[in-house]
Each structure stands twice: as structure tokens, then as C-alpha cells.
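Novice: Chain by chain, the residues run as shown.
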Amino acid sequence: MSDLLVLLLILVLAVVLIAGGLFLSRRSSRPAPPPPPPAPPDLEAPPSVAAPEAEPSVETPDAVVEAPELPITAPEPPAPVRERPRLRDRLGKTRAAFSGALTRRGKVDPETWDELEEALLLADVGLPTTQRILEDVKARAAAEKASDSDAVLDLLKDELTTLLEPGDRGLAATAGEQNVWMFVGVNGVGKTTTIAKLAQREVDDGHKVVLAAADTFRAAAADQLGLWAERAGADLVRGQDGADPGSVVFDAMSAASTRGADLVLVDTAGRLHTKVNLMEELKKLRRIVDRTPGALKEVLLVVDATTGQNGLAQARQFAEAVEVTGVVLTKLDGTAKGGIVLAIQAEIGLPVKVVGVGEGAEDLIPFDPAEFVDALFD
Amino acid sequence: MFDALSDRFDGIFTRLRSRGRLSEKDVDEVAREIRLALLEADVNVKVVKQFIARVKERANGADVQKSLSPGQQVIKIVHEELVNTLGGVTGKLEMSSKPPTVVMLAGLQGSGKTTAAGKLARMLKSQGLGVLLVAADLQRPAAVEQLRVLGRQLDLPVWSAADDGPKDPVEVARTSLHEAARLGKNLVIVDTAGRLQVDTELMDELRHVRDAVRPTDTLLVVDAMTGQEAVNVATAFDEAVGLDGVILTKIDGDARGGAALSVKDVVGKPILFVGTGEKLDEFEAFHPDRMASRILGMGDVLTLIEKAEATFDQDEAKVAEEKLRKGQFTLEDFLDQMRQVRKMGPIGNLMKMMPGMPKELRKAEIDEGELGRVEAIICSMTPDERRDPSVINGSRRVRIAKGSGTTTQEVNAMLKQFKQVQQMMKSMAGGKRMRLPPGGIESLQNQL
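Chains as they are written, first to last, in my numbering: chain A, 50 to 427; chain B, 5 to 452.
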């Protein structure tokens with residue numbers, strides 16, 4: 050076994066040093082990053098001029114776009130009085146039974162700190178972030194002479210809330226122009242469901258919404274979005290299964306401008322952040338949206354509350370690829386606490402903008418740092 | 005990572021100057037590092053505690069084998085303990101003595117049940133079983149359609165509720181058995197809706213589905229990226245419907261998959277399969293040793309070796325390596341080997357999996373297109389030129405560049421690089437591990 054390994058190592062090294070070295074040396078000899086070598090044709094950067102692509106003209110938009118006049122099933126009562134649920138209301142019911150509450154003890158002792166650490170770790174905050182936060186809190190506790198465990202817990206909550214405080218949590222949209230929100234993330238985090246809920250909310254708020262089913266990979270993903278579009282009263286633009294998602298985005302944006310829709314929600318296929326070619330595809334989608342300068346208002350990374358430490362790697366890679374503007378935290382209605390968003394905000398500075406707590410259209414709530422932090426220690 | 009971990013351990017041991025036997029104090033020191041590694045990998049905090057207690061017990065007073073450093077010794081113990089906890093090699097389903105065998109998949113939303121159902125169906129079909137897919141996920145819009153698409157791809161029947169009929173998953177499950185009998189299928193895979201383990205209503209429904217089909221295998225589908233929550237999920241599903249095994253999905257990412265250990269630890273049922281990609285054939289039996297390495301961040305050495313064995317002609321590779329060490333390695337050999345290596349997948353991935361690979365190289369981005377260009381350059385040479393590049397003069401260079409669509413500068417750079425590596429290999433002849441100069445690849449480049 051190890052012989053083969055050594056052999057392999059040498060051979061791969063040889064290949065890398067001879068072939069790889071060629072361009073590594075070229076890279077390092079130039080101060081500015083050299084232009085990327087020609088990518089495979091389907092990843093080619095779109096021309097900078099917003100010229101209509103060949104593809105959409107073959108597939109005429111009308112053929113793939115669903116009729117704008119969709120019967121809105123189950124007409125909802127008028128929107129304005131709708132009250133948005135709060136995080137606390139939605140979290141309360143399921144939590145208490147599952148998470149062990151912190152024991153109340155008077156004096157602060159090493160065990161208090163261990164318990165706090167464990168609580169943060171169990172919430173998926175991750176060891177590096179946890180330790181850093183606790184160091185800060187320890188310092189503060191010493192400075193403020195807090196010796197009571199309740200006081201320390203308050204300090205910790207305060208520290209966490211402050212950490213989560215910065216960041217704009219609104220979803221940007223400018224009246225009178227086309228706004229595009231793009232949703233990205235790994236497989237199965239709830240991108241499509243999130244879009245469905247947001248579409249409902251925005252339609253209720255009086256926006257004209259187009260959904261772009263740019264997930265042409267997963268079987269029936271577009272059907273799923275289509276059903277939601279119908280329910281929400283939004284338009285859907287889709288392509289054939291396996292079609293180029295770029296053409297769907299392009300079509301959706303032109304359909305939106307023809308119909309005077311002011312909001313386009315782009316559903317992308319779930320992809321692992323480690324798949325280089327899929328991340329390139331995502332960059333291409335962004336470039337297509339960017340052909341209309343300023344249209345792209347939000348690139349939202351959807352993160353599942355059950356995600357562990359890998360969430361940080363996801364956030365890093367997606368942010369690097371498509372300049373993510375914020376995080377959508379889904380599935381917070383279970384017992385998972387979604388502490389990874391603390392690490393994401395602390396390490397990468399991406400704020401949570403929306404929280405998903407269920408499958409209904411109303412199960413979308415704004416993120417409140419203080420309530421979120423409280424829930425960590427329930 | 006493996007190196008990083010064992011280096012850290014070794015650092016601790018040198019400081020403590022322990023020799024011969026692992027003392028309790030040594031092990032305590034190391035336990036902190038193990039804890040860190042396991043928590044980073046998302047193993048549940050409580051599972052980590054118990055695991056470390058077990059490792060400590062085994063490690064205290066253990067003899068340090070001659071061939072290993074104390075740090076490696078501890079890693080070995082940790083690794084063995086991990087493999088033991090994770091269980092044996094699996095990949096086999098329990099088959100019912102009275103067909104049909106029924107496999108029910110359950111799990112949270114988005115864990116990959118429907119895809120796993122398709123993959124499992126494909127695998128069992130290829131083993132000669134008659135498979136019926138049952139779409140009992142009537143919750144998520146278009147979930148039935150998703151399974152139907154997979155069924156079409158696999159040429160397998162899919163049983164579900166009529167599109168306009170009542171949406172009762174229990175009824176769908178119950179009738180699926182008749183359908184299986186009618187079609188003469190001996191294996192039924194029931195895909196259920198994703199549900200939160202705290203949703204009592206849906207958990208009740210799952211119980212009813214189970215009672216309707218009385219599955220031979222009830223499998224929990226768990227996302228490898230799951231964090232601490234894995235324990236709660238596994239416990240609740242096990243309590244509700246009684247699990248027989250686990251499918252771990254999405255391990256093709258860079259998540260370390262500590263959830264596997266957590267789930268195994270609380271449920272005690274084997275992890276049967278792992279999903280390794282988006283395509284239907286990317287589905288394998290679970291290998292505890294690989295998972296253990298992965299959780300410890302040791303790189304997936306075993307997968308690499310398997311890949312290598314599948315693609316490499318070992319004898320040929322040995323000859324090539326011998327030549328390389330003796331400096332008789334020609335461009336022809338290089339071309340052969342490069343093609344073999346590339347067959348194993350993108351070089352960048354290989355390097356990430358390779359233990360002992362210098363960090364700089366591990367991080368370096370390898371452009372496959374560049375490798376193609378090198379191949380083109382060599383292919384544009386005559387056999388004589390490949391055997392002895394010194395005959396390549398100015399006009400030959402121009403010809404090679406033209407033939408390969410590159411520039412003479414690129415041809416020159418490639419030749420120079422080749423020569424340097426040839427010399428380097430020769431000077432390292434006999435050495436088992438390759439060491440790059442301190443500055444890594446950059447300084448190597450500067451030297452060249």
C-alpha cells in the first residue's frame with residue numbers, strides 16, 4: 050500500500066512540477082493575475098455587450114414562459130394587515146423539551162465556562178469562534194467583576210448580540226427598475242422553498258415577480274418552483290431539463306422587462322462549493338445578470354440550520370465566487386439552532402437577512418439578533 | 005491535515021520527553037487535540053466526550069511501537085477506535101425471506117432521500133432485483149415528479165398517488181405492495197417526505213406508513229454536512245420508527261462528516277451506504293476506515309489507492325518510477341504517466357487527497373487546460389526528440405510550437421522544467437519522501 054502511494058506521489062509530483070510548474074511560474078512572475086486560460090466553451094464569459102444570445106432566440110420566450118395571467122388559487126385576504134411572525138414565537142414551542150437548559154449556579158467556576166462552551170458548541174457555533182467569544186467574555190467578566198453566573202450569561206448574550214448586530218438586513222430593491230435576487234447554496238438547504246415564500250411575500254406587497262427556474266439539473270426542480278409560482282401568483286420562466294441555466298436567467302430578465310415586472314428571483318441548482326465547474330457555472334449566471342448594470346441587488350446564500358462547521362467553508366467559497374450579500378437561514382423550526390451563522394458573521398461578515406421556520410408562505414421572518422441569541426441558551 | 009495533526013501531537017510529546025510508554029499526562033495533553041479535531045468534524049460534543057474517554061483508557065500505558073512516534077501511536081489508537089465505533093464494511097441490505105423486501109427511506113427535508121432512493125434502486129437493479137419505486141412524499145411540490153423522472157432514467161416503475169387523487173402517503177404505501185405483487189417486483193423502495201423530528205403529526209404519519217408496508221429495512225438518510233443536530237435527529241427517528249441503518253449523503257463535499265460518528269454512536273445501527281455525487285451511479289458501500297480518516301482530516305488515502313489500482317498499470321508505473329529515480333525518465337515516459345495520472349481525476353483533487361503533499365502544492369490551483377497544452381507539446385515532438393530533448397534546436401522548437409498551438413517560449417519553459425525535475429529526482433534517488441526546499445514551490449521556481 051504505502052509503496053504504491055509513494056510511487057503515486059512521485060509521479061503526480063513530477064506531472065505537477067513539469068506541467069504545473071509551467072504556469073505556476075508564469076503566475077508568480079506577473080504582479081497582476083493573468084487572464085484565465087480559455088475555459089471550455091460553455092463556461093465562456095458572455096460578451097460584455099448585452100447582445101441577445103443565440104439560445105433564447107431559438108427557444109422563443111413565449112414558448113417557455115408560462116402565461117402571465119395565472120389563476121391565483123385560494124385568494125388571500127388583502128395583504129396590508131398581514132402581521133409578520135416573530136422569531137421568538139416560532140422558536141419557543143419546540144425547544145424546551147430538547148435542549149438542556151444551563152444549570153443555574155450562583156458563583157462562576159470553571160464548570161460554568163465549560164457549560165457555556167458546550168452550549169455554544171452544541172449550537173454549531175464551532176470551536177474557534179466559541180473560544181474567541183468566551184475569551185472576550187472572560188476578560189469582560191474580570192473587568193466588570195461579574196462573579197455571578199447569570200451576570201456572565203448576560204455578558205455572553207450581549208457579546209453575541211453585538212457580534213451579530215452590524216450588517217444591513219434589508220433586501221434591497223429600487224422602485225421603478227428591475228431588481229434581481231439570486232439564491233445560491235449547497236444541495237437540499239431549501240433554496241426553492243425560500244424563493245417560494247419570498248415570492249408570496251413580495252407579490253402580497255404589490256410587486257410583480259418573475260421566478261427564474263435556473264435549476265435545470267435536479268429532476269423536477271422547475272416543476273416544484275412552477276407549483277409555487279402558481280400559488281403565489283408570480284410568473285415562471287423555465288427551460289428544458291438540462292438546459293443551460295444561463296439562458297433561463299437571460300430569458301427571465303427579458304421577460305420581466307417586457308412585462309414590467311420589478312423583481313426577478315433566480316433559483317439556482319444546489320451545488321457543493323467544492324465543485325469547481327459548478328461554481329464557474331454560478332459565476333457565469335452572475336455575469337449574465339450583471340449585463341444589466343445594477344440590477345443584481347442581492348445574492349443570498351441559503352444555509353440550513355442543521356449545517357455544521359462546513360457552513361463556514363460554504364460561505365467562504367460562495368462569497369468568493371459570486372459576492373454573496375447575505376444569508377438566509379432555513380429550517381430553524383426544528384431543534385437545530387443554526388449557530389453556524391454566528392461563525393459566518395464573525396469570520397466572513399455576512400449578515401443573516403431572512404429566517405425560514407416552516408414550509409408555509411408565512412413562515413419567513415426577519416432575523417432578530419437578540420432573540421436568536423436567547424434561543425441559543427434555551 | 006493528517007500531517008498537521010500528527011505534527012502537533014509529536015510537538016507535545018517532544019516537549020514532555022516521554023519515551024517508551026504513553027503516560028496519562030501525555031494522553032491528557034493529546035486528548036485536547038483529538039477533541040479539537042473531532043469537534044471541527046462536527047462530531048457531537050457529548051459523543052466526543054465519551055469517545056475521548058474510551059481513547060484515554062486504551063492509550064494509557066500503551067506501548068509505543070518502535071516504528072511509530074508517540075504522536076503517530078496515539079493517532080493509530082484514535083483511528084482504530086473510530087473504525088471500531090463506525091462498524092464494519094457494509095453495503096448490504098437485509099433481504100426479506102418473503103418477498104418483496106421493502107426499504108423505507110426517512111429523514112429531514114433536503115437530506116437527499118429522493119436521490120438516495122434513485123441511487124439505491126439503480127444499484128439493486130444492477131444486482132438483478134426487480135425494483136418498484138414508491139413516491140410517498142406528497143408533501144413537497146413536485147417530489148413525485150422528481151422520482152418519476154429518476155424512474156424513467158432507470159427504466160423502473162414508480163408507484164404514487166394519482167395527480168388529482170387524494171394525497172394520502174399511507175394509502176400510497178399500502179397499495180404499493182399490491183402493485184409490486186402485480187408487477188412481480190421483489191424489492192420496493194419507499195421514498196417518504198422530509199420531516200422535522202419534532203413535528204409530531206408528521207412523525208405519526210411516518211409510523212403509519214411504516215405500519216402499512218412493514219419495511220425490512222428502515223433507513224435514515226443523513227446529510228454529511230449535518231452538525232450537532234445529527235444526534236437529535238437520529239435519536240428521534242429511531243424512537244419513532246426503529247432504524248435498521250443509515251445512508252450518509254453528500255460526502256463528495258469537503259465536510260468531514262462527523263455526523264456519521266454521532267449517528268452511529270447514538271443509534272448503534274450500521275451506516276450502509278454513502279452518496280458520493282449528484283449522478284445516480286455515485287453511490288457506494290460505507291467504508292469505516294475511510295470515514296475515520298476523513299473525520300480525523302487525514303485525507304482520503306484509501307479512496308486514492310483504490311482509484312490508483314483501478315487506473316494504473318502498477319508494473320509500468322514502477323518501471324517509470326525506477327527510471328525517474330535513475331534520471332532515465334524520458335518525455336515519452338512522462339507523457340504515459342501523465343495520461344495515467346489524469347485518468348484518475350483532476351490533478352488538483354488528487355493532490356488534496358495525497359498525504360505528505362507539501363502544503364503549497366496542495367493549495368496550488370492546477371489548471372487542467374495547462375496539462376492539455378503540455379500534452380500537446382510533447383505530442384508534437386518526434387519520438388527521437390522525446391527520447392532525447394537535447395536534439396531540439398531552434399527550428400525544431402518553432403515546429404513543435406506550431407504543431408501544438410503554443411509559443412516557443414512555452415516549449416522552452418516546458419523543456420527546462422522537465423530537465424530540472426529530472427535532475428531533482430535523480431539527486432533524490434533512494435529517498436522515500438520527497439521534500440521541497442523550505443520556500444516550497446515558489447522558491448523552487450526561483451531556483452529554476
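Be a bit skeptical, because a hint or two may be false.
Unchecked claim - Restraint ranges, calculated between C-beta atoms of paired labels, are given here:
(1) B:Gly188 with A:Ser306: 52 to 58 Å
(2) B:Asp285 with A:Glu369: 26 to 32 Å
(3) B:Ala289 with A:Pro215: 43 to 49 Å
(4) A:Asn326 with B:Leu284: 17 to 23 Å
(5) B:Asp285 with A:Asn326: 40 to 46 Å
(6) A:Glu214 with B:Asp285: 36 to 42 Å
(7) A:Lys257 with B:Gln143: 28 to 34 Å
Unchecked claim - From chain A, some residues computed to sit far from chain B (all C-beta separations above 10 Å):
(8) Arg181
(9) Leu183
(10) Pro215
(11) Ala221
(12) Arg267
(13) Ala268
(14) Gly275
(15) Ser306
(16) Arg308
(17) Lys333
(18) Ala344
(19) Asp382
(20) Gly383
(21) Asp423
To be verified - Below are the DSS-like pairs computed for lysine-lysine, each with C-alpha atoms no more than 25 Å apart in a straight line:
(22) A:Lys333 with B:Lys283
(23) A:Lys194 with A:Lys156
(24) A:Lys206 with B:Lys50
(25) B:Lys102 with B:Lys273
(26) B:Lys50 with B:Lys29
(27) B:Lys327 with B:Lys283
(28) B:Lys330 with B:Lys420
(29) B:Lys53 with B:Lys29
(30) B:Lys330 with B:Lys53
(31) B:Lys330 with B:Lys273
(32) B:Lys53 with A:Lys187
(33) B:Lys283 with A:Lys324
(34) B:Lys60 with B:Lys50
(35) B:Lys423 with A:Lys332
(36) B:Lys347 with B:Lys327
(37) A:Lys194 with A:Lys206
(38) B:Lys430 with B:Lys420
(39) B:Lys327 with B:Lys406
(40) A:Lys187 with B:Lys50
Since the hints were derived computationally from the structure, they do not count as laboratory data. Note that the coordinates shown come from a computational prediction; the quantities given were computed from them, not determined experimentally. Note that beta-carbon positions come from the ideal geometry of N, C-alpha and C, so glycine has one too.
Novice: So, for every hint listed, does it hold in this structure?
Specialist: Each hint, compared with the structure:
no.: 1; hint: B:Gly188 with A:Ser306: 52 to 58 Å; result: holds (55 Å)
no.: 2; hint: B:Asp285 with A:Glu369: 26 to 32 Å; result: holds (31 Å)
no.: 3; hint: B:Ala289 with A:Pro215: 43 to 49 Å; result: holds (47 Å)
no.: 4; hint: A:Asn326 with B:Leu284: 17 to 23 Å; result: holds (19 Å)
no.: 5; hint: B:Asp285 with A:Asn326: 40 to 46 Å; result: violated (18 Å)
no.: 6; hint: A:Glu214 with B:Asp285: 36 to 42 Å; result: violated (48 Å)
no.: 7; hint: A:Lys257 with B:Gln143: 28 to 34 Å; result: holds (29 Å)
no.: 8; hint: Arg181; result: holds (14 Å)
no.: 9; hint: Leu183; result: holds (14 Å)
no.: 10; hint: Pro215; result: holds (24 Å)
no.: 11; hint: Ala221; result: holds (27 Å)
no.: 12; hint: Arg267; result: violated (7 Å)
no.: 13; hint: Ala268; result: violated (4 Å)
no.: 14; hint: Gly275; result: violated (8 Å)
no.: 15; hint: Ser306; result: holds (28 Å)
no.: 16; hint: Arg308; result: holds (24 Å)
no.: 17; hint: Lys333; result: holds (17 Å)
no.: 18; hint: Ala344; result: holds (28 Å)
no.: 19; hint: Asp382; result: violated (7 Å)
no.: 20; hint: Gly383; result: violated (4 Å)
no.: 21; hint: Asp423; result: holds (18 Å)
no.: 22; hint: A:Lys333 with B:Lys283; result: holds (22 Å)
no.: 23; hint: A:Lys194 with A:Lys156; result: holds (12 Å)
no.: 24; hint: A:Lys206 with B:Lys50; result: holds (23 Å)
no.: 25; hint: B:Lys102 with B:Lys273; result: holds (23 Å)
no.: 26; hint: B:Lys50 with B:Lys29; result: holds (22 Å)
no.: 27; hint: B:Lys327 with B:Lys283; result: violated (39 Å)
no.: 28; hint: B:Lys330 with B:Lys420; result: holds (18 Å)
no.: 29; hint: B:Lys53 with B:Lys29; result: holds (17 Å)
no.: 30; hint: B:Lys330 with B:Lys53; result: violated (51 Å)
no.: 31; hint: B:Lys330 with B:Lys273; result: violated (52 Å)
no.: 32; hint: B:Lys53 with A:Lys187; result: holds (24 Å)
no.: 33; hint: B:Lys283 with A:Lys324; result: holds (13 Å)
no.: 34; hint: B:Lys60 with B:Lys50; result: holds (16 Å)
no.: 35; hint: B:Lys423 with A:Lys332; result: violated (38 Å)
no.: 36; hint: B:Lys347 with B:Lys327; result: holds (21 Å)
no.: 37; hint: A:Lys194 with A:Lys206; result: holds (17 Å)
no.: 38; hint: B:Lys430 with B:Lys420; result: holds (15 Å)
no.: 39; hint: B:Lys327 with B:Lys406; result: violated (30 Å)
no.: 40; hint: A:Lys187 with B:Lys50; result: holds (24 Å)
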